[in-house]
Amino acid sequence: MLKTEQVASLPAAHPAPAARRRRSGEWWIEQLIRGAGLSTIVIIGLIFLFLLREGLPAFVRISPLNLLGVRWYPIEELYGLLPLLVGSLLVTVGAVVIAVPLGLITAIYLGEIAPLWQRELLKPLIEVLAGIPSIVLGFLGWVALAPLVQQAGAPTGLTAFTGALILAYMSLPTIISISEDALYAVPKEYRDAALAIGATEWQTIWRVVVPAARSGIVIATVLGIGRAIGETMAVMMVTGNAANIPALATGMFFQPVRTMTATIAAEMGEVAQGSLHYQALFAIGIVLFLLTFAINSLASMLIGGGKQQRSNQL
Amino acid sequence: MTRQQTNRLAKIAISLVAALVVLPIVLVISYVVYNGIGVISWEFLFTAPRNGMREGGIWPALLGTVFLTFGTAIAAFPLAIATAIYLAEYAGDNRLTRWVRLAIVNLAGIPSIVYGLFGLGAFVLFLKLGTSIVAGSLTLGLMTLPVVISTAEEALLAVPQEFRTVSLSLGATRWQTIRHQVLPHALPGIITGIILGLGRAAGETAPILFTVAAFYLPELPRSIFDQTMALPYHLYVISTQVPGMPLSLQYGTALVLLLVVLSLTLVATVLRTRMRRRRQW
Amino acid sequence: MLIFALAACSPAAESASAAAPSPQRVIQNKGSDTLVNLALAWAEAYRQVNPDLLIAVTGGGSGTGIASLINRTVDIANVSRHIKEAEIAAAHANGVEPTEFIVAIDALAIVVNLANPVSELTIDQLSAIFTGQVDNWKEVGGNDAPIILLSRETNSGTHVYFLEEVVRKGDPESKAIFAPDTLLMPSSVGITSEIRRNPNAIGYDGLGYVDPAHEKLIAVAAEAGLPYVMPTVATGMDGSYPIARPLYMYTAGQPAGAVAEYLNWIQGPQGQQIVAELGFVPLAAP
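Chains as they are written, first to last, in my numbering: chain H, 13 to 326; chain G, 91 to 371; chain Y, 2 to 287.
Derived from the structure by calculation, the hints contain no laboratory data.
Where a beta carbon is used, it is the ideal one built from N, C-alpha and C, also for glycine.
Possibly wrong hints are sitting among the right ones.
[Said to hold, decoys possible] DSS-like mimics (lysine-lysine), calculated; alpha carbons at most 27 Å apart, straight line: (1) Y:K85 with Y:K176; (2) H:K200 with G:K218; (3) Y:K139 with Y:K85; (4) Y:K170 with Y:K85; (5) G:K218 with H:K135.
[As the list claims (entries may be wrong)] Quick look at which bits of chain H chain G covers, simulated, 3 or more residues with Cβ under 8 Å: (6) 151–157; (7) 267–281.
With the hints as constraints, model all of the structure from the sequences given.
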C-alpha cells in the first residue's frame, strides 16, 4: 500500500500558488508529526539515561563483592543482588513452566477443536483475564490462595510458587493469543495433507501443526517471560518478600522469595534522594530495564524485522 | 491403544486443560462479586472513609482514579496520535522506522515499577512537580503510549487507500488529506485504543506508588499539584495496612476497581465491534 | 510561616500563595506504619478542635518519614525509632534541623499463633531465633516444626528497634542481622494476618496492633532467671517489660503556629487518651 507521502509525490499532486502557501503552513504540522514519530526513540533513550544517571553511581560506590553477595540488607550496607535475581528467576521460570503448556493447549483447543460458539464465548473471557488489574489478583492471592497453599502443606502460603501461579494466569492471555496466531499461520495444506493420508486430528495437531508453529510458540514463551519478570504488585503480596536464596532441594519453590520488582516497590518510599540505597534501587531498575529490553528485542527479532506488532499483544 | 482412542483421549484432555484455564477466570470474578456486592451502595461509592478507613466509603479513591484517568488521556493522547500518524502516513520502510517500532515494543515491555521509578526521579524530584496528579498522569501516560500508538496506527491503516489517492488527486495537500479524509474515519478506532489504554492505566498501582498516591487525605485534591487517593493503591492499603479492616469492604473495593477497569475495556471492545459492522468499506 | 512545602515547589501554586501568608491549612504527616493508625485517629479527633485545619496522613515506614523530612515534603515525620546519625547529617546537608518530640510509648509484643504451646522466651532465645541459629520450635520447648520468621520491612522503625534491642540484644557493637529467610511483611497487619493462619510463625508488632483474642502474646524476660513479663500498658509504663520504646514525631526546626499547637495537643491529655484507647502506652503524667 502506498503511503500518503508516496502518493503525494505523484504528478497529480503538484499544487497551484494559493495551495503552495497553505502548504508551507502545513510544513510545521508535518515537522511536528515527524518529531512525534521519533519521540518514542527519544523517550526510551531518556528513560534509560535517567536510570543510568541515578543508578550507575551505585555500581561504582558498591564493591562488586557486595553486589554479587547473597544478602540484601540495606540498613547494614549489604547490597547483594543475587537473592533478588534468584527470586525473580524462580517466580518467572515457575510462571512460564505453568503458563506455556497451559496456554499452548488452550490455543490448540480454541483453534483446532472448539466449536464456533465456544470460541465466541471463551475468547472474550480470556480478554477479561487480561484486563484484571494485578492488584486485584494480588489481593485474592493474599486472602484466598496463600492460605490454600499453606493448608496444602507448605511452611507458609507466601512462596515463589504462589507468585508463579498468579503470574502464570496473568501471562496466559498473551501466550494464548500469540500461540493462536502461530497455529493459525500454519497453512491449511499441512492439515489437509496429514488428514488425507489417514492421520487422526490429534496426530495432525501434535505431529504436524504444532511443530510447524514452533517459532511462534518460542516467541510466546519469550514474551511470557518478559511479562512475568516485570510484574510487581501481585508478587509483592504473595511471595513473602524474603531476600533469600532457597536451598537447592525439592521444596525450593515452596520457600518465600523476594523479587527485584517487589524490592523497588517496597523500599523506594523510604530512601532519601541521592543516598546509596536510592542509587542501589535505581541500579535494580537498570537491571530490570536491560533484561526486559533484551527479551523484547529478542522477541522482535524472532517475529521479523519491521512488521508491526498486533496491538492486542502489547 | 488404537489411534482412534488416543485421538479421543487427547481431545478430552485438551478440552479439560482449556477448562482448567478458563474456569478460574469465571471463579475469580464470581468470587469477588459474591463477596463484595453486599457492600456496594450509594454510600459506599460516594462517601469518604471514616474511622481509620474501616467504615464509610471509597469516594476520594474513586474520584482520584477518575482524575488520573483523565490526566493520563491528556498526557498520552496528543503524542500517541501524532506518532501513529507518522507511522501510518509518513514513515518509510527504512532503518529509522524499524528503530521506532523497536522503541515502541520496548516501551510496552518496561515493567510498571520501572515507570514508577522514572516518574519519581524525573517528574516528582527532577522537575520538582512533587507527588501530584500531574506527575502521576505523566507517568501513567508514558506507560499507556505503546498501546494507544498501536491501536491508533491500526485504525489509520484500516482506512482504504482510495480515500487518500482521490483526495490528493483533487489537489488537497498531504496534511489536508489526513486531517479531513483519513482521521475522521479512523477516529472511532483511535478512541477505542485510548479507552483500552485508559482501562489498563486505571488499574495500575506501581506507577502511582511514589508519584501521586496517598494513604489518606482529609479532603479532595484541589489542583493538579495535589496528591490524591486512588482505587488500586487504596485496595493495597486496606488489604495490608489497616488493622481490623472488614473483609467485605476489601472485596467491595476490589469489585469497584474491577468494574471500573472492565467497563472501560468493555466499552472499547463494543465500540470496536460496532465500528467494524458499520464500516461501509 | 511554613507554607506547605510541596505546593510551594510548583510554580503555579507559588503564584497563588504569593499573597499575604495565610494560617496553615494543611499539615502533611508521614512515616511510621506503627504510628499511622494513631496519627490517623489524632487527625480525625483534632478536626473537632480545629475544623479549618486538615491533616493528611500517610504511612510508608519510619525511614520514609525521615527521608521526606529531609526532602522537605512533610511537616511532621512519624518515626518509631530514634533518628540515625547518618540521617541527621543528611538533614543538615539539606538545611533541615530535625527536632524531636516523644508522643507515645509502644510496647513491642512478640506474637505467635494461638495454637503454639510456647509461652515464654528470653531475649537471648529471641535473638537466636531471629538470626536463624534456632530454627525449630522444639529447641525452645515447642513442637517439632520449623520456625517461620516474620518481620517488618527494613524501612520500618519497628524493624530497626527490634534489630537493635532484640536481635543485637542492645549491643551497639553487634553486627548480627535477621536470618535471610525472614519474611518481610508490608505492615503490622501483614504480620498479624500471617500469625493467625500459620501455626509455626513468630513475629513482632506494636502492642496497639495485637488482638489477644486472635494472637498469642509471649512473655519476655530480659535474661534467663529474670521474671517473664507480658506486654501491657502497665508494664510498658513502669518499665518492667524489657522491649518498650518511645514513638517520635520529628519536625524541621522548631515548629510554630498550627504544627506547634497540634503537637502540644497530642502530648496533652486528649491526645494521650487516644493513645491509650488504641492500645499504646501513654506518656507518664508529668
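Comparing the hints with the structure gives:
1. Y:K85 with Y:K176: holds, 16 Å
2. H:K200 with G:K218: Distance ~59 Å between K200 (chain H) and K218 (chain G) Cα, so the pair is violated.
3. Y:K139 with Y:K85: Not satisfied, since the Cα-Cα distance of roughly 38 Å exceeds 27 Å.
4. Y:K170 with Y:K85: Within the cut-off at roughly 18 Å; holds.
5. G:K218 with H:K135: violated, 45 Å
6. 151–157: holds (count 5)
7. 267–281: holds (count 5)
The structure is inconsistent with the numbered hints 2, 3, 5, although it conforms to all the rest.
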